[in-house]
Amino acid sequence: MFSGKQTKPTFKSYLPPLQTDSKKSPQLPIKKLEAKLLPGEIVVNEANFVRKCISAESCQDDLWGKLVCTNFKVSFITHNSLPRQRFQCTHRLLGEHDIPLACVEQVVTVNDVKGKQKILGSNQKLKFNPTELILYCKDFRIIRFRFDEAGPESAKKVCLAIAHYSHPADPQLLFGFEYVGKRYHGSTGERVSGIDPGGGMQTTLFDCSSDWDREIKRIGASEWRVCTINQGYFISPSLPEFFVVPVSLADQDLKQYACFFYSQRIPLWCWNHSSGSALVRMSNISDPQQQRKVEQRISSAITKSHPLRSDVFKSDLDKNLPNIQDIQAALLKLRQICVIDPFEESEEKWLSSLESSRWMEYVRTFLRHAVEVVYMLESRNVPVILLEKEDRDLSCVISCLVQLMCDPHCRSLHGFQSLIQKEWVMAGHRFLDRCNHLKKNDKEESPVFLLFLDCVWQLWNQYPAAFEFTEVYLTVLGDSMWVPIFSTFLFNCPRQRAENSRVIVIYQITHFYVFFFFFTSLLYFLRWVPEAQIPQGGPITAFHKLSVLTDEIDMLLNQLRQYKGAGGTPNSLHAEHSKMYFKATSTPHQPPAPPEYLSSSFPFSPVGNLCRPGILGSPLSKFLNGAKIWLSTETLANETI
Amino acid sequence: MEKSGSVDSTFPDVYIIFLKLSVRSVYKDTSKGELPLLPEELVQDSAKDVTYICPFIGPVRGSLTVTNYRLFFRCTDREPVFGLDLPLGVLSRVEKIGAATSRGDVSYGLVCKDMRNLRFVHKEPEDSLKKSVFEVLMKFAFPVSNNMSLFAFEYKQVFPENGWRVYDPLAEYKRQGLAKESWRITKVNDHYELCDSYPAALVVPVTITDEELRRVSSFRAKGRIPVLSWIHPESQAAVVRASQPMVGQNGRRCKEDEKLLQAIMDANAQSHKMFIFDARPSVNAAANKMKGGGYESEDAYQNAELVFLDIHNIHVMRESLRKLKEVVYPKIEDSHWLSNLESTHWLEHIKLILAGALRIADKVESGKTSVVVHCSDGWDRTPQLTSLALIMLDSHYRTIRGFQILLEKEWLSFGHRFQQRVGHGDKNHTDADRSPIFLQFIDCVWQMTRQFPAAFEFNEYFLITILDQLYSCLFGTFLCNSEQQRLKEEVPKHTVSLWSFVNSQLEEFVNPLYVHYPSHVLFPTVGIRHLQLWVTYYIRWNPRMRPQEPVHQCYKELLAKRAELQKRVEELQREAANRTASSSSERAGSPTRSITPVQTYV
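From first to last, the protein sequence lines stand for chains V and C. With this note's numbering as the guide, the letters of the first sequence map in order to residues 1 to 641. With this note's numbering as the guide, the letters of the second sequence map in order to residues 642 to 1243.
In short, the hints are calculated from the structure, not lab data. One or more of the hints may lead you astray.
[Said to hold, decoys possible] So the derived list for chain V, only partly shown, Cβ under 8 Å to chain C, looks like this: (1) I42; (2) V43; (3) V44; (4) R225; (5) I229; (6) V363; (7) R364; (8) H369; (9) L556; (10) Q559; (11) Y563.
[What the hints assert, rightly or not] Mimicking DSBU-like on lysine-lysine, the simulated pairs with C-alpha atoms at most 35 Å apart in a straight line are: (12) V/K217 / C/K900; (13) C/K1202 / V/K349; (14) C/K972 / C/K1009; (15) V/K349 / C/K930; (16) C/K689 / V/K333.
What you are looking at is a predicted structure, and each value in this text was computed from that prediction instead of being measured. We put the beta carbon where it would ideally sit given N, CA and C, even for glycine.
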């Protein structure tokens, strides 16, 4: 995986030579400038002789190549390799210079000769030939291409194509459909089920009643049952087909109550504390006259399912937590201070700007609220109902956090993914709207899921050994929202997902990256900023050591097993089967040198992914300084320099 | 073990140590029931029915004992047992708050040097002849003001190792690989006549005579001439420390000083340039000219480039820490935490110090250039900068013993005024000479350990121990202001060194993640975004901020696990070898079958 080349002399001139892993052959150079396409992916447009800007001051590091727009991604293919490229962690689906179209937030074209710029949307016209294209990405990257040597027409066309394809008109045009349709053609209807025939190591999808049965059994919630009245989504389109209710509530009653709840969302059981107190999520009751009666019925049924018949505690999330617009506003401010503001100048005000973004405050509010719920469940031993108007945003965060805090199973990798499946995907979090994949309604866009991941990161940061996954995993999971191949984060509700399931196969997020682990809470937000990197440092170096040590232990365990099993001599098949990303060397007692490619941004490379200084040096700086938040499209679209 | 085809498990389940997250606060302080007396420690007074007003859990009633070394409070009315056990050395101020109430209760406030304040309520003794326990406390908390000796001089614990022998200047310069043809160790300061705040052993260029050094000493503030601190083993680029030149308003010059700096530059063949780092802001440096000081003019020092590092003086740092204490103790205002922290400027000062050290290290390492570092007197900002730069440049100083040598050398022998800056046993808490300079340095080291978790042999507990013992006055290490004073007071003879204590229980202080890379230079990132408040030190008294589960613990457990497995594998190996030896003669024909491995994952 790492060829650990030492070509570049570094200023750390007397570092010991790296132990190179010679078994892996270096990547073969791509002979032609051809985009690597996935099944079903087609090239829409392309331009040659495009320059990808790497740094602002000089263009000597810039890369030359071909800019390609497909129905899935913006790809840049080059012969040059990056100047400081040291590691080759490859993404399974995306090349180093690829940006999925769903990740593109804004497409800005510039003609610096004429002093013009335009933010492009779908089906728009461009009256000038662009000399520069800037892509603002949802994952905080800013990528800049120059067309000085490219044909003006082809430059224009590729820009328009990127703008058009990054604004799909309906979800059917999101690439996921094409991809899976092609790939799994013939196996229509056959779903990848969440049950691993071998032994429950896979993520539970909660799309069949047996998944819920197993969950009830795992938790020991004997006073709860699986309810099937929503099969075929006849009751509520946003509820899963199967969910769990108190045994004392009959299907007939539930059907009767359904109409009183917001979008017929019957209260959903989430989980039971080991004391037997249940966690339930519930939407508002739309009819005020019925409110009291229905609420009472539901509450008393929950009480009946409690071992001590304790009364229910209602936790009103809308009242206590920021709403989705607040969360979106906080993220925009955070993005502003993380990547837009000049790095050095914003240095002194970093802490107070961070505070004024309110992002951290919201993270804390959510965590604190979850802790309060845990207190009710654990210390007061009462069942808790999470109340939220639609029960599709804030409840997802709180119910997950509560379970993460109390249930060790949820802190394993499979447990965590099952939790997301249960509380986000099946409970009907509007991923399509919240991610704004169709870029139609900015008001509905909100990074609720990212906020949740940040809350998990905070827990992970306090109790790193309590989690089976690492911060890189969380980061990659956050990124995968912008890769519309995973149906997990593509839809608003289970029905929508199911309706499209004739062509789509649930593609699990686990199959995504070839590795997962660490960063600092800053990894997500600052990974593209070269100034914020610690060369050969950061938590990754500690992880590297832990990883190697764990691998050594695994190796020893394996040897022991072999001795016991066969009585023969252990062989050295270990390396190929190792699960650790950083592997132990064959001589375990020699501490490996810190690999040179390790830095606090690892495994992400800030090179070429944040052309912020360049923007500030170009006529665009005016436009950026003028607009406090660069996303306010309306005001910027009309502005020309 | 079942294993599906995909990469879906990072840790085998045996290694996951699940911790239950608890929302209940677990507030337990030192709950030793018995008063643990040290050798020569004597109980001076005790009182029952004292109330400790804990800012976190409210009033706690108990008994208070004062010895010649510590204050010991033990609650009597609650479970779990709650206690306070602090060396009197950490007290910076003890005061009566308000007048006695009608019930005869008097309130006492104790301001501590380690970021906390304690408050007690106690009945005034009815017998007016009997002293209150707090009056006894004041006597023993400030022995220097009461013409008594510090407890360090009474404490006679014997440790297996003698920490006073940790640092031998000659051995240290030898380790650095001092080139005899360019540098020499002079005896000119053997009796501290040249400079009373410098060590006896000084390293200077061979081309400069002792007579010339004497002339230089009259040109440098407090006689602190430019001398070698560290030399690069390959490039011979040197880190040299000094105090400010006494340039004054008239721009006085000293040709011996100019010659000395030229000689330092010449000792390094790699570069025909040199950098002079003045730690101060340029405005402050210029203002010093009024008082006879100043900075090197580039006219007088050809080929030298002067750089100001903008680090503020001891008064600014003291004020910053005072504000920090206000922000972190006792209550933390969550909603304005970050802007409150910013307004203390503490992290900004840390950043400037680290940034200065980074520039020094970069010039020496990457530029192969010699550097001279000074501030005004060269005993506060200068040791901060040189010792941090040395930690970056030389991995030896990142080991436990190497770090001790660094402190002994750069801080203690070169006369950082510990007595003045900390005010050991002195009740004059408003003394303008007090300043948390050394604490800042340790904070910077801590920031580096965060950025490079595997580069330091010591752990966080080691750094906290050093700071706690800095104030405790249990050990002689940080007493007095200079090497000369320590010799005069016979500190090494009459007291125990902190390093005796530390080196006798090293396992407590070892960072399990440590890997020794012999020539790995650290270049930390000094942006505010990468600096953190050292919560486990500054906010450690707040029960909400207790360190939670550290990775190190988990790592230690894994190390133990590895050792255990290793042993078992070796045993089995031996067994298998024996078996093969005994059976090889019988079954020589069919060895291949047994090689087939049993694959444990599918």
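Broken hints, by number: Numbers 1, 2, 3, 4, 5, 6, 8, 12, 13, 14, 16, in rising order.
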